[in-house]
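A.B. asks: Could you build all of it, start to finish, from the sequences and the hints given here?
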Amino acid sequence: MAEKMTGAEMVIQALADQGVEHIFGYPGGAALPIYDAMFQQDFVKHILVRHEQGATHMAEGYARSTGKPGVVLVTSGPGATNAVTGLTDALMDSIPMVCITAQVPTTLIGTDGFQECDTVGITRSCTKHNYLVKSVADLPRVLHEAFHIATSGRPGPVVVDIPKDIQFAVGEYYKPENGTLRHASYRPQVDGDVRAIEAAVDLMLKAERPIFYTGGGVINAGPEASENLRELAELTGFPVTSTLMGLGAFPASNRQWMGMLGMHGTYEANLAMHDCDVMINIGARFDDRITGRIDAFSPNSRKIHVDIDPSSINKIIRVDIPIVGDCNRVLEEMIRIWRSKTNQPRTEAIAPWWNQIEKWRAVGSLNFKNSDAVIKPQWAIQRLYEATRKQSKDVYITTEVGQHQMWAAQHFHFDKPNRWMTSGGLGTMGYGLPAAVGVQVAHPDALVIDIAGEASVQMTMQEISTAVQYRLPVKIFILNNERMGMVRQWQDLLHGSRYAHSYSESLPDFVKLAEAYGGKGIRCENPAELDAAIAEMIDYDGPVLFDVIVEKDENCLPMIPSGKPHNEIILPDTANLGSIIDEKGRQLV
Amino acid sequence: MNAHLQPTGSAYFLTQETQQTERHTLSVLVDNEPGILARVVGLFSARGYNIESLTVSETEHGRRLSRITVVVVATPKTLVQIKLQLERLVPVHRVHDLTAEGNYVERELALIKVKGSGEHRAETLRLADAFRAHIVDATVESFVFEVTGKPDKIDSFIALMSPLGLVEVVRTGLAAIGRGPEAM
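Keeping their order, the protein sequence lines are chains A and B. Residue numbers are given in UniProt numbering: position 511 of the first sequence equals residue 511, and the series is strictly consecutive. Residue numbers are given in UniProt numbering: position 22 of the second sequence equals residue 22, and the series is strictly consecutive.
Careful, some of the hints might be misleading.
Claimed, not checked - Distance condition first, Cα-Cα at most 20 angstroms in a straight line; then the derived EDC-like pairs of lysine to aspartate or glutamate: (1) Lys83(B) - Asp309(A); (2) Lys315(A) - Glu106(B); (3) Lys175(A) - Glu21(A); (4) Lys359(A) - Glu208(A); (5) Lys77(B) - Asp320(A); (6) Lys77(B) - Asp287(A); (7) Lys416(A) - Glu234(A); (8) Lys77(B) - Asp288(A); (9) Lys134(A) - Glu116(A); (10) Lys77(B) - Asp309(A); (11) Lys153(B) - Glu182(B); (12) Lys77(B) - Asp295(A).
Unchecked claim - Covered, in the sense of this in silico footprint (three residues per stretch, anywhere, with C-beta under 8 angstroms from a C-beta of chain B), are these stretches of chain A: (13) 182-190; (14) 298-312.
No lab work stands behind these hints, which were simulated from the structure alone. For clarity, every value in this text was computed on a predicted model and none was experimentally measured. Backbone N, C-alpha and C define an ideal beta-carbon position, used for all residues, glycine too.
C.D. replies: Following this line, the structure appears as structure tokens:
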């Protein structure tokens with residue numbers, strides 16, 4: 001059933017038909033017709049951001065915590081260029097996002113018009129797909145297709161660039177079910193090859209030192225995928241580790257959980273990756289933060305790789321059994337085939353492997369020397385975690401990028417998927433605060449905390465104003481060490497402790513800053529007062545900037561220096577980081 | 001250049017390819033929509049793949065389909081990645097590695113301008129005849145030849161023309177198609 005309306009009305013109607021309740025945006029000249037159409041309805045609610053980058057990260061937080069696409073609306077020129085960081089972030093982390101960018105009228109395109117930029121040219125390499133709509137007749141198809149492409153297969157950001165004259169033009173709108181989702185060339189493969197899955201299960205049935213290495217793909221495949229991962233882990237009895245992006249898919253409270261792997265992963269997870277005989281990669285992509293030195297990566301294992309993106313398979317690490325498909329569907333098949341072959345976990349066969357893992361676990365790679373004089377950042381996160389466990393509310397954590405991010409991944413534990421939002425692939429400082437705002441929009445009654453660093457948080461600080469405007473009670477938990485801590489740590493490790501521009505000078509008074517924005521500010525530097533201050537933060541009904549003054553030169557350990565194999569991990573008892581790199585072939589078993 | 005950084009073992013310095021490179025011809029069927037060529041070429045430049053030759057034109061007007069023939073030089077591992085990365089592009093229907101599949105024909109067309117008089121002019125015509133080059137333009141002191149064939153045939157013809165007064169060359173790049181009754 002076609003209906004006549006303007007292009008601007010089509011945008012709003014398509015959002016409503018796609019079930020979009022919230023969009024994050026910022027108006028401007030070229031976007032005004034769409035804003036005008038939005039003004040005349042109340043299904044789609046608009047959150048006015050303070051900077052378009054903030055809108056993209058909010059949409060990411062919204063998407064990652066709900067499984068629904070995040071939607072962004074920005075104007076032409078600077079509106080679009082400011083969105084580029086968030087689009088790239090969403091592409092790297094496979095976050096479903098639809099970003100509508102306004103464009104100058106078609107007659108002005110190519111004339112260097114006011115607020116004109118080549119949006120589709122600029123965003124071509126940082127989106128899954130993009131469109132410049134040159135006729136209103138194409139608009140309904142393009143809008144529905146954008147949602148289909150953003151949310152199916154390996155999710156990602158899609159840009160729809162709409163010139164102002166197309167927003168004014170009148171055309172026929174049709175709803176998405178009108179056969180519009182059948183795309184001629186875009187057909188992601190979701191069902192894994194059954195023979196490959198059977199071969200994988202056969203390999204798993206013979207494994208003596210198996211490991212599940214899971215990633216963000218499990219989260220993207222929906223909550224059932226996490227349920228199925230739990231079931232398969234229970235059926236097999238195999239240990240489970242996960243990438244940064246996959247935290248929460250497998251419960252941290254489960255005995256089979258080994259903690260995160262990779263550059264700042266646990267000793268047991270990394271050593272098990274190195275020594276395993278069968279590796280089952282589900283929805284992870286052998287990122288360089290995970291593999292370390294490629295030629296020394298898990299040298300004696302047979303590898304199974306489940307991924308919905310065929311180009312992820314054999315890109316970095318050669319695998320023995322590639323399975324292209326949706327993680328959930330493949331996990332279901334693995335469970336079915338495993339059940340058809342046995343009703344026992346491989347408890348006895350892998351008992352020696354578990355003994356070995358327990359020995360590695362006993363090393364206590366996440367231990368740190370606590371202090372009663374100064375707040376240790378790891379301890380601050382542990383206390384935060386303990387405080388949130390007592391909450392009846394659902395708890396969602398976002399982070400910025402750096403040491404605090406890794407400490408949060410190590411010391412904050414997740415039992416459910418979609419509770420952990422972090423910039424993994426792109427490593428975008430400034431992601432966490434707006435992402436928390438987006439999560440809070442989607443989950444107004446939840447406790448949403450951005451674990452931040454004082455350097456990162458200043459990159460998108462202004463979004464606290466958005467939180468105040470929409471009464472979104474996000475908590476910004478700043479681990480303030482007056483350093484770009486991870487940069488400082490790398491300078492210690494690699495550059496003779498020459499701290500080139502890695503310290504935060506002229507820091508604002510975060511308490512006064514919070515108050516200036518209309519939020520609450522809290523500062524704490526005494527370990528004895530931390531618990532009470534955290535309770536005060538959680539109990540306050542409104543946005544809080546919590547400035548936790550922590551130990552300045554704490555290192556984030558354990559650490560596999562990049563380019564080293566997993567068994568050359570640096571443990572926390574290492575006193576002098578600067579001396580490590582010269583000792584070749586250091587073994588820490 | 002960054003040799004002093006080597007001992008740190010940063011992963012950025014460890015991606016040296018040890019495999020031998022190969023030259024492959026890929027045939028890519030795409031929707032003929034604005035920006036498709038930029039998407040394909042952008043993918044090659046963003047991921048550091050080398051294009052030796054690229055030919056593109058609409059081949060099915062009714063269905064708005066174009067065929068891109070691209071010649072790449074890469075290691076076997078990278079060749080697989082190139083195919084998979086191309087297939088990830090939304091408007092790409094199919095990618096065939098014709099070299100890997102083995103059975104195909106490839107042709108290129110070149111227009112070659114040669115200047116000369118007297119003995120050189122006669123010799124030029126004799127060689128052009130041997131290469132079945134057609135004269136598409138002639139003046140009293142120059143010819144433009146059209147020559148079609150495999151790229152190495154065109155290379156040879158150009159090499160022969162070089163001492164005889166070669167002025168300039170334009171080549172279409174390679175067009176390739178699988179043998180037999182099947183479509184790609």
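A.B. asks: Could you run down the list of hints and mark each one as holding or not?
C.D. replies: Each hint tested on the structure:
| no. | hint | verdict |
| --- | --- | --- |
| 1 | Lys83(B) - Asp309(A) | holds (13 angstroms) |
| 2 | Lys315(A) - Glu106(B) | violated (29 angstroms) |
| 3 | Lys175(A) - Glu21(A) | holds (17 angstroms) |
| 4 | Lys359(A) - Glu208(A) | holds (17 angstroms) |
| 5 | Lys77(B) - Asp320(A) | holds (15 angstroms) |
| 6 | Lys77(B) - Asp287(A) | holds (17 angstroms) |
| 7 | Lys416(A) - Glu234(A) | holds (16 angstroms) |
| 8 | Lys77(B) - Asp288(A) | holds (17 angstroms) |
| 9 | Lys134(A) - Glu116(A) | holds (15 angstroms) |
| 10 | Lys77(B) - Asp309(A) | holds (17 angstroms) |
| 11 | Lys153(B) - Glu182(B) | violated (27 angstroms) |
| 12 | Lys77(B) - Asp295(A) | holds (15 angstroms) |
| 13 | 182-190 | holds (count 4) |
| 14 | 298-312 | holds (count 3) |
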